[in-house]
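The opening position of the sequence shown corresponds to residue -19 in our numbering, with each subsequent residue numbered one higher.
Derived by calculation from the structure, the hints in this document are not laboratory data.
All figures in this text were calculated on a predicted structure; none of them were measured in a lab.
Glycine residues also receive a C-beta, built at the ideal position from the N, C-alpha and C atoms.
One or more of the hints may lead you astray.
Stated by the list, open to error - Now the in silico label distances, taken between C-beta atoms and shown as ranges: (1) HIS41 <-> GLU(-11): 21 to 29 Å; (2) LEU8 <-> GLU100: 19 to 27 Å; (3) ARG(-2) <-> ASP79: 42 to 50 Å; (4) ARG83 <-> ALA27: 20 to 28 Å; (5) THR(-9) <-> ALA67: 26 to 34 Å; (6) HIS41 <-> TRP88: 41 to 49 Å; (7) ALA70 <-> LEU3: 16 to 24 Å; (8) ASP(-8) <-> LEU76: 32 to 40 Å.
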Amino acid sequence: MSPTADQPEPTDIGVIIRDNLHLEGPLLPILHGMQAAFGCVPDTARAPIAQALNITEAELHGVISFYHDFRREPAGKHVLKICRAEACQAVGANALSEDVLSRLGVDWHGTSSDGQVTVEPVFCLG
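Between the sequences and the hints, there should be enough to build the whole structure, so can you do that?
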């Protein structure tokens, strides 16, 4: 069975951890490595990461959930981020959002059936 985001090989997880463990503050580089390799930070990687860094899985979850670009599931090939802030809503962001979600047949954080586009809400990018 080939590895997927849900079932990466434990050896692949271990290699990413080992490759970054020597760094000062290795947690973020490890998480970025997981995301680059698997398209997300798989649940099966959480215990080995926490153990290697001597932190709890709750602490690890806090970091992963704080940074919105870390994912539990792989995103589509393209990630479309639509601003949900009040200023953008005032100039038509709600209508744009509804149209995009309808055309793709997804809800927020959903990925189109062809795996090409994931739509995410964001606030005030600029």
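Status of each hint after checking the structure:
1. HIS41 <-> GLU(-11): 21 to 29 Å: holds (22 Å)
2. LEU8 <-> GLU100: 19 to 27 Å: Check passed, 20 Å falls within 19 to 27 Å.
3. ARG(-2) <-> ASP79: 42 to 50 Å: Given range 42 to 50 Å: holds, Cβ gap about 46 Å.
4. ARG83 <-> ALA27: 20 to 28 Å: Cβ of ARG83 to Cβ of ALA27: about 40 Å, so the range 20 to 28 Å is violated.
5. THR(-9) <-> ALA67: 26 to 34 Å: This hint is violated: roughly 48 Å between Cβ atoms.
6. HIS41 <-> TRP88: 41 to 49 Å: With Cβ atoms ~21 Å apart, the hint is violated.
7. ALA70 <-> LEU3: 16 to 24 Å: violated (44 Å)
8. ASP(-8) <-> LEU76: 32 to 40 Å: holds (39 Å)
Hint compliance for this structure: hints 4, 5, 6, 7 are not met, and every other hint is.
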